[in-house]
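S.K.: The residues making up each chain are set out below.
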Amino acid sequence: MYETDLNPRQSRIDWLMIAGLLGLMVYGLLFIYSAKSVEQTASILQQYRDLNLWQFARWLFGQDYFKQLIWYAGGIGMAVAVCFVDYRILARWSMVGYWATIILLVFVMFFGSTKGWGARRWIDLGFMSVQPSEFAKIAFIVALAHFLSRPNEELRTPKIFWQAIGLIALPFLLILKEPDLGSALMFLPVGLAMMFVGGVPKRYIGMLVGSGAVVAGLLIMDILFSDLLPKPLRIELEPYQKRRLLVYFNRDFAPPNATEAERRRAREEERKYSYNIDQALISVGSGGFTGKGWCQGTQNALGFLPRGVAHNDFIFSVVAEESGFVGSVIVIMLYTVVLFTGIRIASQARDRLGKLMAVGVVALFFSQVFVNIGMNIRIMPVTGVPLPLLSYGGSSVLCSLIAAGIMQNVYVYRKSY
Amino acid sequence: MLIFDQLKKSDPPLRLLSICVLAGVGILIAGLWYVQIVSYQRYEESLRTQSLRTVRLPGVRGKILDRNGNVLAENRPGYNVNVYLEELRPYFQSEYLEAKKRLKAKTLAERTTAGKVARYTVVSNLVYSVGGVVRVPLTLQDTNFHKHFNERIWLPLPVMQNLAPEQVARFAESAANLPGVDLEVQSVRYYPHKTTAAHILGYLTAYEPSEDEEELRYNYRLPEFQGKVGVEATFDEELRGSPGAKNMLVNNLGYRQSESLIEPAQPGRNIVLTIDLEVQKAAEKALAGAKADAHGAVVVLDVNTGDIIALASAPTFDPNVFVPRITPDEYSKLNDPATKPMFNRASFGVYQPGSIFKIVVGLAALERGTLRPHDKFTSTGYYQLTPRSRPINDTAPAGIYDFERAFYLSSNSYFIEHGLRSGLDSILAMGKRFCLGEKTGIPTRQDLAGYFAEPGTDRKYLGGPWLAGDTANLCIGQGEIMVTPLQMAVMTAAVANGGKVLRPRLVDRLEPADPYSGEAVIRLPPAEVRSELGVSPRNLQIVRDAMLADVEHSDGSGRPAHVDGFRVCGKTGTAENKIGNTLQHKTTWFASYGPYEKPRYAVLVMVERGVSGGKTCAPVAKKIYEALVAMEKRPPGQPILATMQR
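From first to last, the protein sequence lines are chains A and B.
So for the first sequence, this note's numbering puts the first residue at 1; every next one is plus one.
So for the second sequence, this note's numbering puts the first residue at 1; every next one is plus one.
A portion of the hints provided could be inaccurate.
[Stated by the list, open to error] Here are the computed lysine-lysine pairs in the DSSO-like style, where the Cα-Cα straight-line distance is at most 30 Å:
hint : chain 1 : residue 1 : chain 2 : residue 2
1    : A       : K159      : A       : K177
2    : B       : K246      : A       : K36
3    : A       : K242      : B       : K106
4    : B       : K340      : B       : K281
5    : B       : K246      : B       : K228
6    : B       : K228      : B       : K333
7    : B       : K194      : B       : K500
8    : A       : K292      : B       : K246
9    : B       : K106      : A       : K177
10   : A       : K36       : A       : K67
Keep in mind that the hints were calculated from the coordinates and are not lab data.
Just so we're clear, the structure is a prediction, and the values are computed from it rather than from any experiment.
Start from the sequences, fold in the hints, and give me the full structure.
M.R.: Take a look at the structure:
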């Protein structure tokens with residue numbers, strides 16, 4: 001029934017990007033299935049034979065790969081829905097969306113569910129847990145694009161610049177407080193890329209990058225040489241964040257003047273904290289060139305790669321162990337296709353708004369891919385950043401597909417008729 | 001490529017963004033290349049270290065058989081009860097939840113304790129139930145359990161070892177509903193004839209791993225045994241075969257997940273001895289019946305091949321008590337210094353030979369020409385070297401002696417007189433030709449050389465000048481001489497076979513465990529001729545005739561060894577062990593061979609603290625000859641099936 005509507009526009013859809021996205025979704029299904037296959041007692045065919053339809057459906061809905069399939073379907077539906085409304089009309093509602101997610105983030109601070117992880121990041125709806133920070137990223141991209149799509153003269157005024165900074169800082173600080181450092185940090189490169197492409201003067205950008213570098217420097221100084229820094233310059237991190245960074249920099253947990261017992265305890269703790277990343281590295285490394293084959297990885301099956309993270313934050317370890325260097329590169333190539341088609345869409349956009357929306361999504365995807373895969377091979381510290389479309393998780397999948405829909409929207413409406 | 005077009009577009013910010021993305025992708029691919037290609041070996045190694053445990057599997061130990069294929073040592077299935085911890089995990093979990101509640105565990109340390117308590121409770125209850133099933137009170141030591149859990153969680157926990165058949169039956173009947181408990185079959189060494197040939201076979205002890213590099217690749221070795229003495233020790237390597245290995249895949253908690261055999265163990269070879277089981281049994285029985293609580297030794301040799309047909313030492317022991325583990329009680333019994341049951345008196349005991357040495361002295365004097373066998377010698381019933389010296393007693397009465405009469409009545413005076421006439425060096429040289437003072441080379445690790453002086457010597461073994469009295473003593477096999485019964489058997493065999501001193505053979509061949517494997521049977525070479533006596537056949541015949549007379553003459557000291565229809569030749573000996581001038585006890589001997597016409601067997605009997613060679617030892621030899629006669633009548637190559645006694 002939609003076909004008559006869609007047909008005239010069909011030729012204007014970026015099929016290459018859609019192929020890339022579909023490829024990633026196929027990967028996601030395959031390896032979430034593999035990551036969870038150990039816990040499975042019976043195969044799907046066996047269950048179909050043994051159970052009646054109702055029981056079978058109930059069983060199927062309990063399977064993570066099937067749930068992921070439903071998220072994919074829902075996400076594709078939402079992406080198509082997004083394409084029906086011109087992005088310029090969407091942008092008019094952007095501030096409403098932005099403030100709605102801010103309210104959700106405040107709500108989650110007080111009433112959020114911890115899911116047993118210690119951080120309040122989720123709103124429990126019963127049938128699914130919503131992670132508002134994911135939706136905040138999308139709302140933020142649209143809102144900032146809307147905010148920055150104004151005449152160049154206005155962009156040069158400090159007031160606009162500081163307002164833009166405020167737009168970035170608000171969700172950043174709220175998410176940092178959850179605490180979810182990884183998700184919070186995603187706002188910075190996205191905001192920076194959008195301001196840069198949007199035409200904010202170079203000196204402001206330079207100032208931004210410079211102050212970012214100073215903060216990062218202080219952070220590293222604080223972690224590596226905490227005693228040398230005067231108190232007011234110290235940045236107070238959550239203890240677990242500090243430990244993750246210590247692991248990343250391969251530093252001793254024990255202070256230099258620790259006793260033997262303290263040192264031993266610190267080493268014990270260090271092992272505990274570096275456990276995930278060590279096991280992820282063993283998974284990736286032992287995959288070798290061609291991998292061990294689908295569902296043949298032992299790291300996940302034997303539980304060395306913790307079951308709680310193997311299918312979401314560390315899904316790439318499973319991919320790399322079972323499909324090897326070849327499979328890892330194919331995944332990266334699929335992301336590259338999506339990213340570059342995104343940049344192409346940005347370059348062909350009819351206005352700055354569309355261009356900035358596409359750039360924001362590209363920057364978000366890229367940051368997440370880089371941080372997540374980087375974490376698996378230890379070039380980035382451990383943070384809870386999902387791998388778009390591959391990691392298990394409803395919020396992440398829905399938002400990734402909505403974001404892809406936004407890019408397609410910009411492509412679809414690149415010309416006025 | 002189409003999608004990289006924007007790199008060329010004149011939109012500098014977008015181009016910079018493209019370059020950043022491309023650089024990021026490049027970094028990721030380079031990082032993956034480094035981790036997955038360059039460092040592959042290292043991570044693969046880590047993976048193996050953390051998830052694989054290699055267990056060494058011992059090969060099945062080869063059998064030891066007698067010359068007819070009767071089993072002397074084999075393996076029986078030993079049944080052990082094991083608890084497989086990985087199957088108890090659900091029970092650990094539910095018990096843990098209860099323990100946590102009960103102990104109100106909050107902190108990590110408290111919860112760890114609750115977990116430990118829970119696991120111990122589960123396993124200890126299970127062990128108690130197993131005890132109920134097999135009707136033996138069983139308890140689990142918590143320190144042992146925690147040690148096993150911490151160090152070898154992936155291995156089954158041994159609960160009870162070596163179940164009796166009725167316990168196996170009870171277990172099989174009712175243990176099916178006990179979770180995680182199972183029977184494990186282990187190969188256990190078994191000696192079906194118990195004490196028979198124990199000194200030849202030896203015994204086993206737990207194998208202690210060497211610190212070889214090669215051994216480091218195992219995380220665990222299943223219990224294995226190694227021979228300590230006897231053929232079990234000397235041929236340990238052949239018997240043990242080659243070990244195999246299996247890999248166990250363990251999960252992150254260390255529990256066993258699955259296992260795979262990477263190399264099957266190869267069984268050891270079977271060893272076929274020269275022993276004849278029936279003769280061996282007869283020899284042991286006869287020796288034990290020589291006197292009450294007899295201590296002594298018997299050697300039966302094939303005089304032509306050097307094969308040891310039987311070799312017995314009394315008292316004896318049951319090597320079965322060593323496997324799987326010897327009890328402290330048994331151990332102290334076997335190490336009683338008064339009886340020394342594990343001590344092989346036949347090859348490891350040294351004694352004074354007494355009159356059986358007169359065979360050597362007689363041959364030496366005959367060869368020297370100083371003794372003419374028919375010359376008459378008048379004995380006074382004692383021998384006085386010089387008018388002032390102490391007279392040497394003679395058990396033979398005073399009277400007129402020629403060689404044969406002196407031999408069968410064992411006249412000391414006659415042999416001292418002719419020994420002295422022949423000279424010390426001629427006796428020592430003749431003794432050397434019999435290889436006295438040298439090890440016989442029996443492969444049981446219990447082999448002593450004894451003591452026999454070199455020709456030309458002028459010092460005694462313990463120092464002091466060699467006097468004429470020492471020579472006189474040597475002529476009757478006392479004083480400066482120590483021999484093993486096996487050496488005396490070899491000596492007797494040399495007289496019987498015409499002058500060849502042989503190295504006794506104990507092992508005939510090594511056979512593959514599987515006769516159809518196509519592996520070759522390794523035959524050990526025929527007995528080495530260590531020395532040729534080189535005496536004239538006429539003189540040898542004089543000694544042989546005298547030995548025949550010792551048994552056949554009505555006055556012969558060896559008369560009790562007479563066997564109807566089988567002409568035994570022999571020489572009795574009774575060595576006196578004195579401290580100062582007081583007689584402590586006598587070592588009694590009977591050295592013999594037969595039949596006279598065409599000698600085939602040498603039988604040597606030695607009994608400690610006997611009455612005399614003729615009275616104590618000759619009857620033992622008689623029984624053994626009867627067994628040998630019976631052996632010859634048996635159709636060849638028909639093994640008497642081993643009676644499995646349990």
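S.K.: Assess, step by step, whether the Cα of K106/B is no farther than 30 Å from the Cα of K177/A, and give holds or violated.
M.R.: Distance ~27 Å between K106/B and K177/A Cα, so the pair holds.
S.K.: Starting from K228/B, check that the Cα of K333/B is at most 30 Å away, please.
M.R.: Distance of about 18 Å is within 30 Å: holds.
S.K.: Against the 30 Å threshold, does the CA-CA distance of K242/A and K106/B hold or violate the hint?
M.R.: 25 Å, holds
S.K.: Taking 30 Å as the top limit, are the C-alpha atoms of K159/A and K177/A close enough?
M.R.: With Cα atoms ~27 Å apart, K159/A and K177/A stay inside 30 Å; holds.
S.K.: Does the structure keep K194/B and K500/B at a Cα separation of 30 Å or less?
M.R.: It is violated: about 35 Å lies between the C-alpha atoms, which goes past 30 Å.
S.K.: Verify the proposed pairing of K246/B with K228/B, using a straight-line Cα cut of 30 Å.
M.R.: Since the Cα atoms of K246/B and K228/B sit roughly 27 Å apart, the hinted pair holds (cutoff 30 Å).
S.K.: Compare the distance between the alpha carbons of K292/A and K246/B with 30 Å, and conclude whether the hinted pair is satisfied.
M.R.: 21 Å, holds
S.K.: Hinted pair, alpha-carbon criterion (30 Å max): K340/B, K281/B. Please report holds or violated.
M.R.: 20 Å, holds
S.K.: Taking 30 Å as the top limit, are the C-alpha atoms of K36/A and K67/A close enough?
M.R.: Since the Cα atoms of K36/A and K67/A sit roughly 12 Å apart, the hinted pair holds (cutoff 30 Å).
S.K.: So if I understand the rule, the pair passes when the alpha-carbon distance is 30 Å or less; does K246/B with K36/A pass?
M.R.: 28 Å, holds
Hint 7 from the list above is the single one not met by this structure.
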